[in-house]
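Protein chains: 4
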Amino acid sequence: MVSQMPARRLGVAIVGLGGAVATTAAAGLEMIRRGAVDLSGLPLAESTQAGLAPYQNIALAGWDLYPDDLASACRQHGVLAPAELDLVRTELESVRPWPAIGNVKFCRNVAGREGANLTSMRDQIDSLKDDLKRFKADSGVDSLVVVHLASTERLVDITLPQFATPEAFEMALDANDDEIGPAMLYAYAAITSGIPYGNFTPSVSADIPALKELARRNGVPIAGKDGKTGQTLVKTVIAPALRGRALHVDGWYSTNILGNRDGLALDDPSSLASKLDTKGSVLDSILGYKVENHKVFIHYYPPRGDDKEAWDNIDFTGFLGHRMQMKINFLCKDSILAAPLVIEIARCLDLAKQRGHGGVLEELGVFFKAPQMTNGAEPEHAWPEQERQFRDWLDNGTGRAEKSLKAAAASLADVG
Amino acid sequence: MVSQMPARRLGVAIVGLGGAVATTAAAGLEMIRRGAVDLSGLPLAESTQAGLAPYQNIALAGWDLYPDDLASACRQHGVLAPAELDLVRTELESVRPWPAIGNVKFCRNVAGREGANLTSMRDQIDSLKDDLKRFKADSGVDSLVVVHLASTERLVDITLPQFATPEAFEMALDANDDEIGPAMLYAYAAITSGIPYGNFTPSVSADIPALKELARRNGVPIAGKDGKTGQTLVKTVIAPALRGRALHVDGWYSTNILGNRDGLALDDPSSLASKLDTKGSVLDSILGYKVENHKVFIHYYPPRGDDKEAWDNIDFTGFLGHRMQMKINFLCKDSILAAPLVIEIARCLDLAKQRGHGGVLEELGVFFKAPQMTNGAEPEHAWPEQERQFRDWLDNGTGRAEKSLKAAAASLADVG
Amino acid sequence: MVSQMPARRLGVAIVGLGGAVATTAAAGLEMIRRGAVDLSGLPLAESTQAGLAPYQNIALAGWDLYPDDLASACRQHGVLAPAELDLVRTELESVRPWPAIGNVKFCRNVAGREGANLTSMRDQIDSLKDDLKRFKADSGVDSLVVVHLASTERLVDITLPQFATPEAFEMALDANDDEIGPAMLYAYAAITSGIPYGNFTPSVSADIPALKELARRNGVPIAGKDGKTGQTLVKTVIAPALRGRALHVDGWYSTNILGNRDGLALDDPSSLASKLDTKGSVLDSILGYKVENHKVFIHYYPPRGDDKEAWDNIDFTGFLGHRMQMKINFLCKDSILAAPLVIEIARCLDLAKQRGHGGVLEELGVFFKAPQMTNGAEPEHAWPEQERQFRDWLDNGTGRAEKSLKAAAASLADVG
Amino acid sequence: MVSQMPARRLGVAIVGLGGAVATTAAAGLEMIRRGAVDLSGLPLAESTQAGLAPYQNIALAGWDLYPDDLASACRQHGVLAPAELDLVRTELESVRPWPAIGNVKFCRNVAGREGANLTSMRDQIDSLKDDLKRFKADSGVDSLVVVHLASTERLVDITLPQFATPEAFEMALDANDDEIGPAMLYAYAAITSGIPYGNFTPSVSADIPALKELARRNGVPIAGKDGKTGQTLVKTVIAPALRGRALHVDGWYSTNILGNRDGLALDDPSSLASKLDTKGSVLDSILGYKVENHKVFIHYYPPRGDDKEAWDNIDFTGFLGHRMQMKINFLCKDSILAAPLVIEIARCLDLAKQRGHGGVLEELGVFFKAPQMTNGAEPEHAWPEQERQFRDWLDNGTGRAEKSLKAAAASLADVG
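As given, the protein sequences belong to chains Z, B, X and L, one line each in that order. Read in the numbering used here, the first sequence has 66 at position 66, and its numbers run on one by one without any break. Read in the numbering used here, the second sequence has 356 at position 356, and its numbers run on one by one without any break. Read in the numbering used here, the third sequence has 107 at position 107, and its numbers run on one by one without any break. Read in the numbering used here, the fourth sequence has 144 at position 144, and its numbers run on one by one without any break.
Treat the hints with care, as some may be off.
When the alpha-carbon atoms are kept at most 30 Å apart in a straight line, the in silico DSS-like pairs for lysine-lysine are as follows [what the hints assert, rightly or not]:
1. Z:295 - B:327
2. L:327 - Z:327
3. Z:295 - X:295
4. B:290 - Z:327
5. X:327 - B:327
6. L:133 - Z:295
7. Z:295 - L:327
8. Z:327 - X:327
9. X:295 - Z:327
10. L:295 - X:327
11. L:129 - X:327
12. L:327 - B:295
13. X:327 - L:327
14. X:327 - B:295
15. B:327 - B:295
16. L:327 - X:295
Treat the hints as calculated values from the structure; they're not laboratory data. As the structure is a computational prediction, the values presented were derived from the model and not from experiment.
Assemble the whole structure, with the sequences as input and the hints as a guide.
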């Protein structure tokens with residue numbers, strides 16, 4: 001007689017738990033638990049891969065600058081209709097975020113209480129690690145993952161010397177270095193706790209060399225950055241086909257209007273710079289040449305709330321130099337697209353941990369606008385190839401990284 | 001010392017030589033020969049695969065119901081500006097189509113002279129084969145390919161018994177069977193002359209079982225059908241991404257407006273039926289479920305001439321049942337998109353012939369709305385997978401067909 | 001000392017009371033009565049014109065083929081969210097339509113019970129008149145108006161001799177003439193009861209000469225037809241500006257997707273013909289020339305329910321023959337746009353009655369796709385001029401009709 | 001026997017003669033003279049109003065910072081196809097602009113030679129007046145008009161004391177006041193020469209009180225400012241209809257992409273400020289309330305050259321608070337829309353001069369984004385009302401100004 005393995009239980013600690021994406025994820029998981037909705041929009045709903053925690057077994061908790069309980073926060077974002085929220089109100093009311101560590105130097109437009117009176121970075125990190133330990137103990141889950149969803153921080157230069165190695169970074173932490181933003185502290189707390197870390201925002205976080213190396217040493221999978229949900233997803237779907245048909249892109253004008261707290265944060269030019277940075281290089285990478293007139297704009301437009309709209313205009317040249325245009329108007333819902341990806345990223349990071357992976361999990365690139373790479377390699381941006389690599393990794397544990405190893409082995413063999 | 005192979009010379013005989021696509025291809029090849037344009041829009045421009053005839057070495061000829069020389073035909077279609085046409089007017093003026101075999105029972109809206117006074121199908125076929133022999137001899141090319149570009153014929157039932165085997169089809173030819181359309185006669189003439197045959201139209205042609213089998217027996221590569229240039233291309237690019245993200249398509253409304261001779265032909269409901277037939281099943285195949293509200297319309301709209309416009313509206317459902325929309329407006333140029341594909345299909349069929357392939361070349365599916373398959377298998381419609389299979393075949397001579405063989409071999413081995 | 005007039009109370013009897021537009025109007029009026037909503041979308045909300053019945057004082061009743069109470073009908077249409085409907089559920093539940101007189105020969109796709117067992121048209125008319133009398137008595141309103149909102153009937157030839165005069169029509173009624181559709185019977189019942197009648201549908205109704213004359217003789221204002229809510233409204237707003245700038249329209253392609261019961265009815269080609277007939281001539285009339293390529297399509301597309309989407313593409317030529325395009329994508333809500341117009345039409349017809357107007361009230365043309373005219377004159381279609389005439393009539397009791405009279409008087413004087 | 005009046009001959013001196021709009025106008029007038037084109041796009045082509053100079057009798061000349069002849073300038077802008085330009089090349093080659101007076105403090109992005117070595121404003125003005133005198137004498141026209149088409153200058157505060165009265169302005173001129181931009185100098189030169197002046201740009205020019213008063217005193221008609229050609233035209237056409245239907249605008253997002261010299265100039269934020277200033281207030285004025293989320297963006301996007309594209313998204317609320325959207329995509333040609341308006345404005349200003357009008361000609365408001373008013377009154381922005389006032393003025397010499405006078409007279413009478 002075969003004894004059945006008890007299903008895996010996963011705790012996800014979210015930075016920015018009171019935000020639109022996180023509260024949508026929280027409400028959604030509760031609705032799934034109650035059988036009130038089907039699994040639409042969850043890319044791995046049909047996967048039978050062992051090691052993925054069932055959706056019903058995922059517990060959410062996390063930090064926020066705002067102290068509101070999740071029902072109250074969820075109501076404010078207006079993503080869910082009142083009738084939907086009512087289904088899970090009791091459960092959401094019982095969850096309150098832990099105090100977050102904010103830093104107005106890194107994200108201005110979204111104010112909130114400063115996280116406790118923690119005067120040093122080391123104190124802040126200790127506090128975060130305590131939160132994680134307590135979460136694990138209280139919830140009784142088998143394992144944890146941290147996912148970053150907080151508002152975009154200002155752009156940081158990742159080539160600074162204090163970010164180059166774990167040792168340099170430790171010293172910078174000791175010195176409360178002004179260049180270290182909150183997103184790095186969360187990543188550091190997770191990695192040094194042995195907990196996988198995913199960065200769904202454009203903020204500079206575990207993508208500094210110091211933290212990537214630390215993750216590798218500690219055997220902790222990390223992934224990022226900046227969730228690929230709307231316009232950039234479409235861009236990386238369309239551009240490969242233009243390349244396949246040898247249609248030369250002369251210009252690509254992209255504009256976004258959105259009205260949620262994210263949009264407000266991006267109304268601060270320094271946060272916007274981070275965002276545009278991750279959006280910018282995608283096209284050139286896929287097409288193999290510099291698109292002279294690639295323009296990307298994001299505008300705060302309150303009438304839509306969480307509903308987001310992207311308008312793209314593509315000018316391209318075909319046979320005999322003749323010119324054509326394509327226009328794409330995407331009326332999407334930001335949090336509805338993002339929340340299921342956050343859930344899947346957490347499940348995959350947990351799976352990678354079980355598989356013994358440490359360092360950047362490049363095969364999750366399909367979920368990100370600026371896929372993190374182990375070293376300075378250029379990431380794959382084309383969605384079709386990303387999807388193939390991801391599904392290969394999911395099903396077989398092989399993907400890009402393994403392929404690189406094999407290629408390296410093969411070339412060694414050739415030399416031999 | 002290595003002697004250099006002289007570059008391959010290829011003759012392409014086109015059914016519908018006076019049409020917008022063919023005259024654009026003819027003018028384009030002349031412009032390329034003169035160095036007047038670059039190779040934009042030609043998907044294999046960067047391929048270094050040996051065996052592909054250089055663009056400069058391709059000679060075009062073919063049949064048409066209208067007797068006008070190519071310069072005159074090209075001018076009427078209005079695809080090229082007068083100044084562009086002027087560059088190659090002399091060359092195009094020197095080419096006149098051979099008389100085509102038409103049949104008003106199969107294509108009503110586009111009138112033309114009936115091809116000579118050929119009273120039997122056998123006489124018509126002999127005449128076509130003579131044309132091909134003369135073309136080869138006169139042009140001095142190394143090999144020929146036939147590509148079908150004529151206006152869409154009425155829908156035919158390919159399961160009729162007279163289409164089931166080469167033998168049945170031969171008997172039907174002898175009997176001048178009314179169900180045999182001109183497009184089948186061209187295909188038969190090519191295949192029995194040992195000449196590869198590509199069908200860029202939705203007409204029923206070499207996709208009847210009899211002709212597929214005949215091509216296999218004769219070692220002649222064939223491919224089709226219905227060039228994937230505009231809206232369907234976009235559809236097969238977008239739909240896989242929606243599937244990848246588990247976004248459920250509730251409805252997909254597609255409408256096309258076009259004003260060229262093709263549009264006029266499609267204004268005849270029986271020709272339109274053929275077209276919609278090839279467009280229809282694409283979506284369900286990619287998504288893996290029946291899209292209840294997939295609507296496709298084509299409307300003749302003269303103001304645009306050859307400029308074609310597609311408007312797509314996609315309704316889909318994401319996480320927690322929330323609904324979103326995407327709208328795509330494609331302002332394309334029909335012949336500018338199609339002509340380079342015709343050229344590449346001809347080059348690939350010629351390459352396949354050199355590689356010894358006989359029967360349906362499934363790996364060209366990326367170029368077609370309704371990819372022909374050897375047997376009744378469901379074709380791959382998702383552009384990303386089609387592109388991958390095509391590039392594999394091009395570079396390595398392996399792709400879908402070979403994979404199937406290997407899979408078959410493997411399962412045999414398992415059994416063993 | 002002046003005694004204050006008690007506010008006017010108006011009863012509106014609607015043909016098609018259970019439909020999406022009527023139930024939206026009914027729910028809306030209840031919500032206004034309770035102060036649950038503001039007066040958005042009601043064009044005369046700011047008018048202080050005496051004689052207009054206050055919104056709070058309007059009672060709705062009417063006929064339908066389906067017997068469901070209004071709350072139940074409203075729920076089925078899905079125009080209002082459940083939470084909105086809940087506000088007025090009790091009131092709507094208390095209203096049930098009177099049995100309608102249907103005729104499958106005139107409207108096929110929307111089935112329903114045949115109205116009672118009324119074998120002759122005279123019996124049917126008597127029954128309708130009894131309904132109206134009972135409504136007036138029971139509700140205690142000061143006056144009644146009938147508005148037609150039922151599904152579109154098949155196209156009828158209004159030049160038939162039996163429609164030419166009141167006398168001919170009476171005889172045709174006696175003979176139960178097959179060419180007389182239900183919409184004419186409702187109009188006849190209203191007019192002969194001295195009750196103003198508005199036709200918000202494309203069906204042929206009070207626009208036959210016989211009924212226009214009868215309305216004039218009886219001193220009953222009538223107006224119609226086919227509410228101008230979405231795409232045609234936009235068309236009549238944009239076209240005058242194109243004319244004003246001398247931009248020549250080469251083609252105007254309009255397509256609509258909608259998924260409510262109206263859309264289903266229009267899926268029957270004979271009903272669609274009525275609709276396209278009223279939509280067609282608008283452009284030529286405004287522009288002053290025949291637009292060769294004016295195409296209008298309506299497609300039933302269930303995913304949207306009552307949400308309607310129109311897509312227009314306009315091709316036009318400007319200075320030196322250069323061509324430009326405009327595309328308009330209107331994501332509207334059919335019943336939300338229509339319901340307030342129905343309310344205002346009813347109020348205006350009641351005002352006209354008080355002002356002593358009999359026959360066609362041409363000044364309401366701004367609300368209709370095919371404005372009814374007293375005699376065979378070409379109606380004004382340009383929205384700016386319609387709006388001006390309507391506001392003049394509303395404020396001063398003068399408008400188009402009076403202007404025509406003055407012009408006639410002036411030319412008489414000239415002659416003199 | 002009646003002797004026929006010889007047809008009026010009009011000279012138009014353009015500021016920015018080498019620009020895209022002016023060269024298009026120049027080429028167009030030549031093409032009209034030769035009968036090579038019809039009168040499409042000219043709003044007054046069908047007017048029979050006496051006093052309007054025939055298109056054939058209009059001579060163009062003017063100033064520019066670039067010395068190129070008009071054929072060469074026209075070629076650079078790429079508005080006309082080479083074949084079109086060829087028709088009038090000889091005539092355009094014979095016209096060279098007079099040296100313009102530029103000022104880098106007022107318009108940065110478009111460099112050019114500084115106009116001669118004119119060290120004082122008085123010298124510059126004298127030079128401009130000499131140019132006008134010479135033009136009149138050499139061309140033999142009956143009268144002149146000046147139209148300003150040069151690139152947008154930086155925003156200027158029109159409430160400065162030196163702009164308040166003719167006397168203050170004269171003193172500021174003497175002092176070479178830094179706040180006086182080139183556009184004011186051109187206006188001053190025209191007005192003090194008795195020549196009507198139109199401002200088709202957003203630059204501050206004759207709209208300062210000093211110059212309006214000077215024009216009134218000198219009996220010179222002036223009009224402006226900022227030609228209403230594309231997106232703003234559409235906005236002022238659509239918004240009145242939304243108001244008419246009581247649809248409340250919650251947000252209106254407008255973005256423009258254009259790639260000509262104008263677009264480059266607007267890439268300088270200080271020039272852009274002038275432009276957005278004239279675009280901004282239009283909506284609130286028409287709708288009668290403050291639109292909280294009216295956003296207007298202009299982006300330089302070179303792939304399009306002179307082809308301009310506007311995308312508008314309108315969010316609005318209707319009955320019962322339900323929300324709808326409209327999206328308008330205008331693919332227009334900037335100079336093709338603007339050039340005929342410039343020609344008509346010149347003809348109308350000349351007509352006004354003949355009619356004895358002095359000061360602001362308010363009835364030309366239909367042609368401008370920011371219609372100039374005599375005093376501080378709020379201009380009419382709604383296109384339908386503007387068009388009506390303009391046509392009244394054209395046909396009857398009465399319009400807005402006359403109506404104001406009558407209203408004033410009437411209220412005096414009432415008082416009396």
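Each hint tested on the structure:
The hinted pair formed by residue 295 of chain Z and residue 327 of chain B meets the criterion: a straight-line CA distance of about 20 Å does not exceed 30 Å. Using a Cα cut-off of 30 Å, the hinted pair residue 327 of chain L and residue 327 of chain Z holds, with the two alpha carbons roughly 12 Å apart. For the given pair, residue 295 of chain Z sits about 36 Å from residue 295 of chain X by alpha-carbon distance, which is inconsistent with the 30 Å threshold. About 27 Å separates the Cα atoms of residue 290 of chain B and residue 327 of chain Z, which keeps this hinted pair within 30 Å; it holds.
Taking the CA atoms of residue 327 of chain X and residue 327 of chain B, the gap is near 12 Å; set against the 30 Å cutoff, the hint holds. Proximity of residue 133 of chain L to residue 295 of chain Z is assessed by CA-CA distance (about 48 Å); at most 30 Å being required, the pair is judged violated. Distance restraint check for residue 295 of chain Z and residue 327 of chain L: the Cα-Cα separation of roughly 21 Å lies within the 30 Å cut-off, and the hinted pair is therefore satisfied. Pair hint residue 327 of chain Z plus residue 327 of chain X holds up; C-alpha atoms about 11 Å apart against a cutoff of 30 Å.
Between the alpha carbons of residue 295 of chain X and residue 327 of chain Z the distance comes to roughly 22 Å, so the proposed pair stays at or under 30 Å and holds. Using a Cα cut-off of 30 Å, the hinted pair residue 295 of chain L and residue 327 of chain X holds, with the two alpha carbons roughly 20 Å apart. A C-alpha spacing of about 46 Å is found between residue 129 of chain L and residue 327 of chain X, which places the hinted pair above 30 Å, so the restraint is violated. A threshold of 30 Å between alpha carbons decides the hint, and for residue 327 of chain L with residue 295 of chain B the separation of about 22 Å falls inside it, so the pair holds.
Proximity of residue 327 of chain X to residue 327 of chain L is assessed by CA-CA distance (about 8 Å); at most 30 Å being required, the pair is judged to hold. Among the hinted pairs, residue 327 of chain X with residue 295 of chain B is consistent with the structure: their alpha-carbon atoms are about 21 Å apart, no more than 30 Å. For a cut-off of 30 Å, the pair hint linking residue 327 of chain B to residue 295 of chain B stands: about 14 Å separates their Cα positions. Annotation: proposed proximity of residue 327 of chain L to residue 295 of chain X holds, straight-line Cα distance about 20 Å (limit 30 Å).
In summary, the structure is inconsistent with hints 3, 6 and 11 from the numbered list given earlier, while agreeing with the others.
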